[in-house]
Amino acid sequence: MTGLTLQDGQADLPSPTSTSSYWHRSPSQTLLGHRTTERLPETVDVVVIGSGITGAFAARELVERKGRQVLMLEAREVAWGATGRNGGHCQPFVYGSQPHVAAFELRNYAFLKQLVEDNQIPCDWVTTTGVHGLYTADLVEIARRNLQRLAELAPQLAAQVSLVTSDGEPSSRGAPSLRDLGLSGAKGAVVQRAAASLWPYRLVAWVIEGLIANYDSAAFNLQTCTPALDIQRFGSSWIVHTPRGQVAASAVLVACNGYVSRVLPDFTGLVVPVRGQVAALSPGSRVGPGALDHTYVFLAASQGPDRPAMDDYLVQADGGGRELVFGGGRMRGSDKGWAISRDDTLDPVVRTQVSCLRPLNGRVSWATLSTDCHGSAKSPRPSEGDGLWVCGGYTGHGMPAASLSAVAVVAMMCGAKSEDVDLPPEFHISEARIARARQSRAVGLEAPEELIALI
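With this note's numbering, you'll find the sequence shown wraps up at 1519, consecutive numbering, no jumps.
Simulated from the structure, these hints should not be mistaken for lab results.
Some hints could be false.
[Stated by the list, open to error] With beta-carbon atoms standing in for the labels, derived distance ranges:
{"no.": "1", "residue 1": "1106", "residue 2": "1490", "range": "37 to 43 Å"}
{"no.": "2", "residue 1": "1072", "residue 2": "1099", "range": "34 to 40 Å"}
{"no.": "3", "residue 1": "1174", "residue 2": "1308", "range": "36 to 42 Å"}
{"no.": "4", "residue 1": "1478", "residue 2": "1281", "range": "18 to 24 Å"}
{"no.": "5", "residue 1": "1478", "residue 2": "1239", "range": "46 to 52 Å"}
{"no.": "6", "residue 1": "1175", "residue 2": "1201", "range": "33 to 39 Å"}
Values in this document were obtained by computation on a predicted structure and should not be read as measured data.
Backbone N, C-alpha and C define an ideal beta-carbon position, used for all residues, glycine too.
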């Protein structure tokens, strides 16, 4: 079934051989090639498709909290997609989201931070501040307006953020200047208190290793290198087809993010795969331990065909002294990476852009864009019956949204009403939302309001 003709914007199956990710350089020996049982079970309560942060936290919730039998299918190795090749930072977008969405992202951040601390998860979590360098005046003005509005609507959120426009010395109150932040060339900057750098693969590996260690194969069954090819309704069950046979389940959770439309073609054009690239760079002799005190995002609105929009980011692994992880440059690449689900090739223009220091290796990361910029939580095919669910489409911003989105979708899978779960209303799938997304143009990060939404 891998040779079928794909629709425009539809994802294909994950590339059999991907580029090497920085985060995969010391993979879990427990998880590599893991198949809990030799054969697939004939029936289970729930099939979870995808083993990234969404799939991992959904499986954890289903098994540990809800007592459901879970089969997790992964097309390649655990967390070998966007979770295992992203930028390694978790930063809520407090000043660029509606207050209730910003509050949700802050809860995700707090949830992950507490989980890591309580369990001493070895994922190199480092709590930092997040700095957004704004390189065009229109973005500074949007940030200013948003912060004023945020102070009116949610002062407790506004207190988490500050706008810096002075390039001089720090004020008497100790506020940083652009120079202090290392952004002398910027028009302004936003400093957010809640941010972190981490090793996302290791976080997910810890979750899934725990499920394998603490539960028998009837409760949790992981099958790597087993892609889901199709999902069909048969009576009261859902049948998931794989190259190794099929499985019947009462419910299916599609948690494969950019690959959603491959198994659910109805999502073509709603969740579109987009390739981004990341470089792991040697800090060199000029950057010593602790040199980066923040995680960074660099933003600029498009200023013409020769000066496209900028949406880049930079973190330092383990908080200092390690490699710099620099990503972005997508706006300069071929078709801006749009509708590319394969991760076995590099865009040469983008590679040059992100390898501006001494590169260790060119690394592909990749995320997804949904056409209305929010995650999603249920299938758009209600006529086929209950039990088919989707959680994904984070528009390249999954770290501060995916974990509690997974918890919320599990609650709904187990009978909770949508209005009773902790999930922003915009994240729920509805026919009206689908219609709006079909009519809207693709999110291209060209206009200022696509980089920082107006509140």
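So, going through the hints one by one against the coordinates:
1. For the pair residue 1106 and residue 1490, the supplied restraint of 37 to 43 Å holds, since their beta-carbon distance comes to about 38 Å.
2. Look at residue 1072 against residue 1099: about 35 Å separates their beta carbons, and that is inside 34 to 40 Å.
3. A hinted range of 36 to 42 Å for the beta carbons of residue 1174 and residue 1308 is consistent with their spacing of about 40 Å.
4. The beta-carbon spacing between residue 1478 and residue 1281, approximately 22 Å, falls within the hinted interval of 18 to 24 Å.
5. Take residue 1478 and residue 1239: their Cβ atoms lie about 47 Å apart, and the range 46 to 52 Å holds.
6. Range check, residue 1175 to residue 1201: Cβ separation about 36 Å, and the 33 to 39 Å hint holds.
Of the numbered hints given earlier, the model fails none.
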